[in-house]
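**Q** From just these sequences and the hints, can you work out the full model?
The listed protein sequences correspond, in order, to chains E and Z.
For the first sequence, the numbering used here begins at 1 and goes up steadily by one.
For the second sequence, the numbering used here begins at 1 and goes up steadily by one.
Any given hint could be a false lead.
Computed beta-carbon distance windows for the label pairs [stated by the list, open to error]:
#, chain 1, residue 1, chain 2, residue 2, range
1, Z, Leu107, E, Asp143, 23 to 31 Å
2, Z, Val24, E, Asp33, 18 to 26 Å
3, Z, Ser52, E, Gln113, 19 to 27 Å
4, E, Arg101, Z, Arg26, 34 to 42 Å
The set of hints was computed from the structure by calculation and includes no laboratory data.
Quantities reported herein were computed from a predicted structural model and do not represent experimental measurements.
The C-beta atom is built at its ideal place from N, Cα and C for all residues, glycine as well.
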Amino acid sequence: MQIDALSRRLIDRFQHGMPLCAEPYRAMAEALDCSEAEVLACLEALEHGGGLSRVGPVFEHSRAGASTLVALAVPEARLESVAALINSYPEVNHNYLREHRYNLWFVVTGPDQAHVEALLARIEAETGLTPLDLPMRAAYRIDLGFPIGDAP
Amino acid sequence: MTALLDDLQTLQLRRLLEAGLPLVARPYQLLAERIGASEEAVLDQVRRWNDSGLFRRMGLVIKHRALGFRANAMLVMDIPDEIVDAVGQRLGRAAGINLCYQRPRRLPDWPYNLFCMVHGREREQVCQLIAALLAEQGLSDVPHQLLFSTRAFKQCGGRYAPPAMPVAAHG
Numbered sequence: 001m002q003i004d005a006l007s008r009r010l011i012d013r014f015q016h017g018m019p020l021c022a023e024p025y026r027a028m029a030e031a032l033d034c035s036e037a038e039v040l041a042c043l044e045a046l047e048h049g050g051g052l053s054r055v056g057p058v059f060e061h062s063r064a065g066a067s068t069l070v071a072l073a074v075p076e077a078r079l080e081s082v083a084a085l086i087n088s089y090p091e092v093n094h095n096y097l098r099e100h101r102y103n104l105w106f107v108v109t110g111p112d113q114a115h116v117e118a119l120l121a122r123i124e125a126e127t128g129l130t131p132l133d134l135p136m137r138a139a140y141r142i143d144l145g146f147p148i149g150d151a152p
Numbered sequence: 001m002t003a004l005l006d007d008l009q010t011l012q013l014r015r016l017l018e019a020g021l022p023l024v025a026r027p028y029q030l031l032a033e034r035i036g037a038s039e040e041a042v043l044d045q046v047r048r049w050n051d052s053g054l055f056r057r058m059g060l061v062i063k064h065r066a067l068g069f070r071a072n073a074m075l076v077m078d079i080p081d082e083i084v085d086a087v088g089q090r091l092g093r094a095a096g097i098n099l100c101y102q103r104p105r106r107l108p109d110w111p112y113n114l115f116c117m118v119h120g121r122e123r124e125q126v127c128q129l130i131a132a133l134l135a136e137q138g139l140s141d142v143p144h145q146l147l148f149s150t151r152a153f154k155q156c157g158g159r160y161a162p163p164a165m166p167v168a169a170h171g
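**A** Structure representation (structure tokens):
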């Protein structure tokens, strides 16, 4: 999607943090010297265009519950149906196709470890594929977003 | 004196926050109405969570693919256990690395224990960046693979709060 100058400024300024107050969009508008209506219209357009996932907190998964990175080696012919099944679990986010024998990569989150393990067992039972369970052991850099100033 | 949220309201609020703030002038007021609480109590709870480190960050969460960053590579490496922390810390500081985690090997299927994410607009640019980075860090000979993503089936935030918590209908 094409993004305009205000979208770029909003993303670069408020990816890492945003005002935590009753009227956050008004506070963002004041910081960028535009109107609250412009900020809201811009965020709505970004959301409709598929460029904005949401506005709000990204949870620290070590504090928020349990999570793990999972990979499945899915035969090409079953890819669409297995990907759709994986997508259907609310515990799954970031489900990607990658170029590897292990071609389906997704993150499973849940309130605790037992919940995550139960879902992995269910995935194995429902797909007949053994998931590669790759929980985080140490984080050296966490995803804090990145500047999009030169995005097309 | 602000009324505190009860346990059920606290859980409901967490679940609502995982889906993001509504795009309205007073988003916390709207969330408060949905869980039968006051705007002030909701804001207080969100501030407490923010101060306690429950949030990694709070702000705009973008979908990089839709914004033109279509070349997304996961670089995976097999680094000896004795030096994986040191290498991870160095790579974590390197420009262009968006994320750097240590994860367990799963032998014999999966020999890699260090994962980095690199985003770019063009595949070639990402390959060059990674080759330069590995050379600069003296890691060119380390067993590694680049797994480009070719499709995003799903991209949303994590759902940590227990499911099936009743939440009042919107509006």
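**Q** Compare the structure with each hint and give your call.
**A** Hint check:
no. : hint                             : verdict
1   : Z:Leu107 to E:Asp143: 23 to 31 Å : holds, 28 Å
2   : Z:Val24 to E:Asp33: 18 to 26 Å   : holds, 22 Å
3   : Z:Ser52 to E:Gln113: 19 to 27 Å  : holds, 21 Å
4   : E:Arg101 to Z:Arg26: 34 to 42 Å  : violated, 50 Å
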